[in-house]
Amino acid sequence: GDSVTQKQGQVTLSEDDFLFINCTYSTTTYPTLLWYVQYPGQGPQLLLKVTTANNKGISRGFEATYDKGTTSFHLQKASVQESDSAVYFCALVETQVVGQLTFGSGTRLQVYA
Amino acid sequence: NAGVIQTPRHKVTGKGQEATLWCEPISGHSAVFWYRQTIVQGLEFLTYFRNQAPIDDSGMPKERFSAQMPNQSHSTLKIQSTQPQDSAVYLCASSSGLGDYEQYFGPGTRLTVL
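Quick mapping for you: the protein sequence lines, in order, are chains S and A.
The first sequence: position 102 = 102 (the numbering used here), numbered continuously.
One rule links them: number in the numbering used here = place in the second sequence (from 1) + 1000.
Errors might be hidden in some of the hints.
[To be verified] A partial selection of chain S residues facing chain A, derived with a Cβ cut-off under 10 angstroms: (1) E15; (2) F18; (3) Y25; (4) T28; (5) L34; (6) Q38; (7) L46; (8) K49; (9) G69; (10) Q100; (11) G106.
Hints in this document: simulated from the structure, not taken from any laboratory.
Using N, Cα and C, we set each Cβ at its ideal position, and we do this for glycine too.
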């Protein structure tokens, strides 16, 4: 089955630092790769999506890119703010098919002013 | 658009009692998903419906857990004879279902089994 590995359990940064979170995946299908963000007391919300066609997604200052050769995709932001503190999940789903999301274990980002 | 609504937000049950969790998807969305979130296991898929029909329940524990979608405006997840290991946040999500994999999550129901 599909699997997603997110090794960074926690990242602690100061404001204006660079953020990089990496995920690797395994699937036999044609996946769309997603980043979700979860704030305390809320459900996850979609931050970015990357398809194997476009290789990159950008939203709210975050950028997600995909490397088919290493079956990895990562999330980065040039300058984080305290308000970015949250848990970030990578996930995948079979492109163009409504179905379950397979989530990574999440990375808790703590940004200090 | 009110988003996905889940009730109750918190539920405390005693061991062996039944718990019913409710989800109201976004109006017009035809696919509804249930996930469970714990610190140890993370986000786990349980089941999903499309146009009220059960499509995939591969994540549902075979005993004690059941889900229904009696109409397009709500779905329920029922846990019979709750056990402490059922304690988790249960998340409901919906999507438009038109080849659209973007799922919109509700705030979740935190179930605590004493």
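Outcome of the hint check:
With a least beta-carbon distance of about 28 angstroms to chain A, the hint placing S:E15 at the interface is violated under the 10 angstroms criterion. Against a cut-off of 10 angstroms between C-beta atoms, the interface hint on S:F18 is violated, since the closest Cβ of chain A lies about 26 angstroms away. The interface hint given for S:Y25 is broken, as the beta carbon of that residue sits about 15 angstroms from the closest beta carbon of chain A, more than 10 angstroms. Contact between S:T28 and chain A, as hinted, is not supported at the beta carbon level, the nearest pair being about 16 angstroms apart and thus beyond 10 angstroms.
At its closest, the beta carbon of S:L34 sits 8 angstroms from a beta carbon of chain A; the interface hint therefore holds under the 10 angstroms criterion. Checking S:Q38 against chain A: minimum C-beta separation of about 8 angstroms stays under 10 angstroms; hint holds. The beta carbon of S:L46 comes within 6 angstroms of a beta carbon in chain A, closer than 10 angstroms, and the hint placing it at the interface holds. Against a cut-off of 10 angstroms between C-beta atoms, the interface hint on S:K49 holds, since the closest Cβ of chain A lies about 7 angstroms away.
Interface hint at S:G69: violated, since its Cβ lies 24 angstroms from the closest Cβ of chain A, which is beyond the 10 angstroms cut-off. For S:Q100, the interface hint holds, the least distance from its beta-carbon to any beta-carbon of chain A being 4 angstroms, beneath 10 angstroms. At its closest, the beta carbon of S:G106 sits 6 angstroms from a beta carbon of chain A; the interface hint therefore holds under the 10 angstroms criterion.
In the structure shown, a violation is registered for the earlier hints numbered 1, 2, 3, 4, 9, in ascending order.
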